[in-house]
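Peer 1: Protein chains in written order, with the numbering used here: chain A, 3 to 225; chain B, 3 to 225; chain C, 3 to 225; chain D, 3 to 225.
Hints were generated in silico from the structure; no laboratory data involved. Note that the structure is a prediction, hence the values are computed from the model and not measured. Beta carbons: idealized from backbone N, C-alpha and C, even for Gly. Just to be clear, a hint being listed does not mean it is correct.
The calculated EDC-like cross-link candidates involving lysine to aspartate or glutamate, where the alpha carbons are at most 16 Å apart (straight line), are [unchecked claim]: (1) B:K36 / D:E94; (2) D:K77 / B:D95; (3) C:K36 / A:D155; (4) D:K36 / A:E94; (5) D:K111 / D:D89; (6) B:K36 / D:D89; (7) C:K77 / A:D155.
Here are some chain C residues pointing at chain D (derived, C-beta under 7 Å) [claimed, not checked]: (8) L7; (9) N8; (10) V105; (11) V221.
There are 4 protein chains.
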Amino acid sequence: MTDVLNQTLQTIFAENSAFYAERGFERRVGYGRKPALVVIDMANGWTRPGSPFSCGGMDTVIPANQALIAAFRAKGLPVVFTTTAYDVTAGEDTDMGLWARKVPLEAMKTGSWEAAIDDELAPRGGEFVILKKRASAFHGTNLSSMLKAMGVDTVVLTGVTASACVRHSTEDAIAEGFRPIVVREAVGDRIAGAIAWNLFDIDAKFGDVEPLDAALAYVARLG
Amino acid sequence: MTDVLNQTLQTIFAENSAFYAERGFERRVGYGRKPALVVIDMANGWTRPGSPFSCGGMDTVIPANQALIAAFRAKGLPVVFTTTAYDVTAGEDTDMGLWARKVPLEAMKTGSWEAAIDDELAPRGGEFVILKKRASAFHGTNLSSMLKAMGVDTVVLTGVTASACVRHSTEDAIAEGFRPIVVREAVGDRIAGAIAWNLFDIDAKFGDVEPLDAALAYVARLG
Amino acid sequence: MTDVLNQTLQTIFAENSAFYAERGFERRVGYGRKPALVVIDMANGWTRPGSPFSCGGMDTVIPANQALIAAFRAKGLPVVFTTTAYDVTAGEDTDMGLWARKVPLEAMKTGSWEAAIDDELAPRGGEFVILKKRASAFHGTNLSSMLKAMGVDTVVLTGVTASACVRHSTEDAIAEGFRPIVVREAVGDRIAGAIAWNLFDIDAKFGDVEPLDAALAYVARLG
Amino acid sequence: MTDVLNQTLQTIFAENSAFYAERGFERRVGYGRKPALVVIDMANGWTRPGSPFSCGGMDTVIPANQALIAAFRAKGLPVVFTTTAYDVTAGEDTDMGLWARKVPLEAMKTGSWEAAIDDELAPRGGEFVILKKRASAFHGTNLSSMLKAMGVDTVVLTGVTASACVRHSTEDAIAEGFRPIVVREAVGDRIAGAIAWNLFDIDAKFGDVEPLDAALAYVARLG
Chain A
3 MTDVLNQTLQ
13 TIFAENSAFY
23 AERGFERRVG
33 YGRKPALVVI
43 DMANGWTRPG
53 SPFSCGGMDT
63 VIPANQALIA
73 AFRAKGLPVV
83 FTTTAYDVTA
93 GEDTDMGLWA
103 RKVPLEAMKT
113 GSWEAAIDDE
123 LAPRGGEFVI
133 LKKRASAFHG
143 TNLSSMLKAM
153 GVDTVVLTGV
163 TASACVRHST
173 EDAIAEGFRP
183 IVVREAVGDR
193 IAGAIAWNLF
203 DIDAKFGDVE
213 PLDAALAYVA
223 RLG
Chain B
3 MTDVLNQTLQ
13 TIFAENSAFY
23 AERGFERRVG
33 YGRKPALVVI
43 DMANGWTRPG
53 SPFSCGGMDT
63 VIPANQALIA
73 AFRAKGLPVV
83 FTTTAYDVTA
93 GEDTDMGLWA
103 RKVPLEAMKT
113 GSWEAAIDDE
123 LAPRGGEFVI
133 LKKRASAFHG
143 TNLSSMLKAM
153 GVDTVVLTGV
163 TASACVRHST
173 EDAIAEGFRP
183 IVVREAVGDR
193 IAGAIAWNLF
203 DIDAKFGDVE
213 PLDAALAYVA
223 RLG
Chain C
3 MTDVLNQTLQ
13 TIFAENSAFY
23 AERGFERRVG
33 YGRKPALVVI
43 DMANGWTRPG
53 SPFSCGGMDT
63 VIPANQALIA
73 AFRAKGLPVV
83 FTTTAYDVTA
93 GEDTDMGLWA
103 RKVPLEAMKT
113 GSWEAAIDDE
123 LAPRGGEFVI
133 LKKRASAFHG
143 TNLSSMLKAM
153 GVDTVVLTGV
163 TASACVRHST
173 EDAIAEGFRP
183 IVVREAVGDR
193 IAGAIAWNLF
203 DIDAKFGDVE
213 PLDAALAYVA
223 RLG
Chain D
3 MTDVLNQTLQ
13 TIFAENSAFY
23 AERGFERRVG
33 YGRKPALVVI
43 DMANGWTRPG
53 SPFSCGGMDT
63 VIPANQALIA
73 AFRAKGLPVV
83 FTTTAYDVTA
93 GEDTDMGLWA
103 RKVPLEAMKT
113 GSWEAAIDDE
123 LAPRGGEFVI
133 LKKRASAFHG
143 TNLSSMLKAM
153 GVDTVVLTGV
163 TASACVRHST
173 EDAIAEGFRP
183 IVVREAVGDR
193 IAGAIAWNLF
203 DIDAKFGDVE
213 PLDAALAYVA
223 RLG
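Pulled out of the complex, with its shape left as it was, chain A reads as follows (with noise of 0.2 Å):
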């Protein structure tokens, strides 16, 4: 089934793009002066086995991040990794809002090995850790007021899942004011056709799809 559905996706897509075309969408926000990367829920909780929300391809996802991690670390620039985790459930109560209607999060509990980063992509000192509570890596965290006050205009996003976090992280950074740059090899999801269809709607819409080499590139030549 996948080799149908990839086949009958990248038709409608290159259809989809050229209707675009003369619309004027898929437009490129361009790369800025300064990047930060935000690397999304790449705890063991998504890219181990075993948890509700495990996803696959990481044998390709974990390497692309671990590049771009080096590059930015190489050139002094932020890194910023999220988790998704509750800290409080009372009753119906808990601090992940209505979310836990929809998914698994009683799966992800913070301080658990499934909400620590994956230990290939292990924090440095001096990196940042924000716990979220939402899909979105700004909604209800201070990520954007801190990449603010650094100065940053650029985010470059990976991680999981295309379908949720990373898209709606996306839609948020632009929304904020930053250029969004989502790296295609450094992203993953768990079911298919989610990573291909969401990348085609951001690509369109909210942030530049990248390949790895272009963005490890453009970190390469900054001063």
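Given the coordinates of chain A, assemble chains B, C and D onto it according to the supplied hints.
Peer 2: Frame of chain A, contents of chains B, C and D only:
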């Protein structure tokens, strides 16, 4: 192509839903006690031909919105319309932020015919029209705090487009603590597959996608 | 000096209140149906001597907070504590944004004794502790959307300081659509006149400043 | 009374500043590289007699604002005006949320003379006028993300009133990651002591309160 696409999507959605069911996604957020109707961007630039933003399917989308608006009015429940347009451009600076670098916002000017709500859905006195500058009806607007002050707990979302403003608004609605209900027949877009895919993602993770009949029956039941 | 100051302030507040009454300010927002208690920054760095942030008057402020916490617990109503501390500094970059350029935030480190809630007010399981990075308990946190999801319509605010975190939180509370009630005896500060002046401004424009007895009687009345 | 008040306040501010200096408050956030001017609520309802919101001191506040606006225009820097007014009231529901329960917002209607920016400060084409619904110029508006998209790092704040809209906007400005500069001569209010006290608190904790000359000299220095 559309038939092949739809057939392929239906097959893949069935597979994905089976997977999600096993994992605990696609839960029901459910209807609450006090809903507001939020009609996204049903302005002429989207509902009528001749604009870069023109959408298809208005023969069904407009009547579905009319039915919902009538139902909310009959119960004295809040109705909110949004439109998206710029007020100012000064060189590279605009009140649309960076979004004009991705989509043709130069076609939508505040006060223009394009930016006005379609006459077939004309707002009445006492209804709210929000001029937004971003995809989400919540981002950079007073929508969330206004609804909160009214005691609203449920947001029924309709309008265009599924792949941008409706989706981002729905993601923000649940993030803000409202129960999002997206009415299938009342949502439009302009490219093949966009409605189907985005409603699938929304229903899995952000809000309940409901048929028009169910949404109308819900409003009819309210005191 | 304090006597002269207080006398002068009382005189001027009486004149200002008469003026406001004529103009239509100093209205009552009133108590709602479901309150949450939000205890601002009653952590050791504020409640105990020896920190740049140490406040006075804890002999009355702590018991007033204890009484309110007990009342909310007795009714099973939500209790939220905040503290303010940094996680990361990397050169000039910090998760506190620019705020460390105005106030001595370097004294408040996440995980330190200073940042921990005072033992006399220790949070219990099922209560919420928000680590904030700004003055307002709402800014860059999930507080508003969490309370919305719980159906809370009233926020009872206490803690320190009147001239910064309590005031900004109260301004944001009404902006977000909650009824703010600030409990006079439960609020502290560290400089002369700051409590009196800020509670006057708050009561005129942002929330109702109420005596402890009235707030306790309100909670006692709830079902 | 005003003389006694001012004398008392000056004495107490001197004492409080000495205390703050020892504790590490009242630091300088400093001027950044690209400022925007944000003129708060200099609309007729505040600047002219006859409204519940009418302020005093306009003989000095208006010229100070004119000087700043001219300076920003001369350098092609962004100028933003705000006004506050309601669009809709429907029974108890209004787009002003709960704020009308504290202050006489029924006097400020969108499109009225009261809500229009004072002719002596008339906005030009290419300048931004934000219709806000809350005290803060940032809350529920696109101001922060618009300024971020423009690369602005410093917000020069003026207008009315010191005890509400200017103060809340300044608190939000630093929370959002901008350097707030509040220009003493360009800020007004309507009650005795309100300007002095609020500028003292602001300067201690949220932004730099600067004389007009210094702010003009800063803008003159910019390339």
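Peer 1: Work down the list of hints and note, for each, if the structure agrees.
Peer 2: Against the structure, the hints come out as follows:
no., hint, result
1, B:K36 / D:E94, "holds, 15 Å"
2, D:K77 / B:D95, "holds, 15 Å"
3, C:K36 / A:D155, "violated, 41 Å"
4, D:K36 / A:E94, "violated, 47 Å"
5, D:K111 / D:D89, "holds, 6 Å"
6, B:K36 / D:D89, "violated, 22 Å"
7, C:K77 / A:D155, "violated, 47 Å"
8, L7, "holds, 5 Å"
9, N8, "violated, 10 Å"
10, V105, "holds, 5 Å"
11, V221, "violated, 20 Å"
The structure does not agree with the numbered hints 3, 4, 6, 7, 9 and 11 stated previously, though it agrees with the rest.
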